[in-house]
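S.K.: By the count of this note's numbering, the sequence shown reaches residue 629 at its end, each step adding exactly one.
Just so you know, the hints here were simulated from the structure itself, not pulled from any lab data. From the three backbone atoms N, C-alpha and C, an ideal C-beta is built for every residue, glycine too. There may be inaccurate statements among the hints.
[As the list claims (entries may be wrong)] Computed beta-carbon distance windows for the label pairs:
#1 Met-438 - Val-388: 48 to 54 Å
#2 Glu-481 - Gly-617: 35 to 41 Å
#3 Ala-457 - Leu-615: 29 to 35 Å
#4 Asp-437 - Pro-546: 20 to 26 Å
#5 Ala-407 - Phe-366: 32 to 38 Å
#6 Ala-540 - Ala-373: 24 to 30 Å
#7 Thr-396 - Ala-621: 45 to 51 Å
#8 Val-408 - Ala-457: 31 to 37 Å
#9 Asp-437 - Gly-462: 38 to 44 Å
#10 Pro-395 - Gly-467: 38 to 44 Å
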Amino acid sequence: MFFVLSKTAAFLALPSNLVLIAAVAGLILLPTRYRRLGRRLLAVCVVLLLLFGVTPLGIVMTTSLEQRFPAYDMTGPAPDGIIVLGGGIDPDATAALGEPVIGAAFQRLITARRLAEAYPAARVVYSGGNGNLVPGAGREADVARAMLIRLGVPAERITLERESRNTAENATFTQALIHAAPGQRWLLVTSPAHMPRAMGCFRQAGIPVIAVPAGPREPWLSRWPLRSLGAELARLDDAAHEWLGLIAYRLTGRTGALFPAPEPL
365 MFFVLSKTAA FLALPSNLVL IAAVAGLILL PTRYRRLGRR LLAVCVVLLL LFGVTPLGIV
425 MTTSLEQRFP AYDMTGPAPD GIIVLGGGID PDATAALGEP VIGAAFQRLI TARRLAEAYP
485 AARVVYSGGN GNLVPGAGRE ADVARAMLIR LGVPAERITL ERESRNTAEN ATFTQALIHA
545 APGQRWLLVT SPAHMPRAMG CFRQAGIPVI AVPAGPREPW LSRWPLRSLG AELARLDDAA
605 HEWLGLIAYR LTGRTGALFP APEPL
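Taking the hints into account, I'd like the entire structure generated from these sequences.
M.R.: Right, dumping it as structure tokens:
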């Protein structure tokens, strides 16, 4: 139930969708006796579009997430394993097209290969099922396994967690698979903006994880000037998704902190 509710709420609460819903409502009201309210709604939509798409709001929200955990220091002790989170692979589209449909997950796979090469004794765990609201039979983990093998990671080192649909399930199902214990070191690989929520979930599940952000991170000033209205709305949507997820996960006990932070190793 939480999965369905969270997916629905996340869709409705995205800034771009809120503007669209308000604009449609305003247009519907224009030919009625509530035309004044309709005009006000449309005016609000224009203001919100300017706020969301022209100001650096999305950049600031994204950067605060991305900079929360520092880059991984590879001079430390070797880890017991490497956990790679899904989220950027579309398993249903992959099955339909017959070739991998990979978005943001590719950088995670590249980072996983680099870590697997640096730590040849470490176990590599990929966690990802099918997060679509109406899922097909495909699983992210199966696609990722094939890609990791192509990248040079030996098949016998790869363990798959194929049933998780969101970050909380990534953590819970992975712990049931690996039985991590205090004192161990598990590297957690995901995108920088997703890292705070992921770290909170895995800590809550009892897995001693160390963050390995995979992907570019830039100070917000270096991202100015803005690219385009559509691009900035997309950036804001992604950041809002993570911030709303952090709030929802804290309220439902899936993380132990609202904005998880680095801890001493």
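S.K.: Each hint should be assessed against the structure and marked as holding or not.
M.R.: Cross-check of the supplied hints:
1. In this structure the supplied range 48 to 54 Å holds for Met-438 paired with Val-388, their Cβ-Cβ distance being about 51 Å.
2. In this structure, Glu-481 and Gly-617 meet the distance hint of 35 to 41 Å, their C-beta atoms being roughly 38 Å apart.
3. For Ala-457 and Leu-615, the Cβ-Cβ distance of about 32 Å falls inside the hinted range of 29 to 35 Å, so the restraint holds.
4. At about 21 Å, the beta-carbon gap between Asp-437 and Pro-546 stays in the expected band of 20 to 26 Å.
5. Distance hint check for Ala-407 and Phe-366: the Cβ-Cβ separation is about 37 Å, which falls inside the suggested range of 32 to 38 Å.
6. A hinted range of 24 to 30 Å holds for the C-beta pair Ala-540 and Ala-373, which are about 27 Å apart.
7. Checked against the given bound of 45 to 51 Å, the beta carbons of Thr-396 and Ala-621, roughly 47 Å apart, stay inside it.
8. Distance hint for Val-408 and Ala-457: a CB-CB separation of about 36 Å, consistent with the stated range 31 to 37 Å.
9. Checked against the hint of 38 to 44 Å, the C-beta distance between Asp-437 and Gly-462 comes to roughly 40 Å, which is consistent with it.
10. Taken as a hint, the range 38 to 44 Å holds for the pair Pro-395 and Gly-467, whose Cβ atoms sit roughly 41 Å apart.
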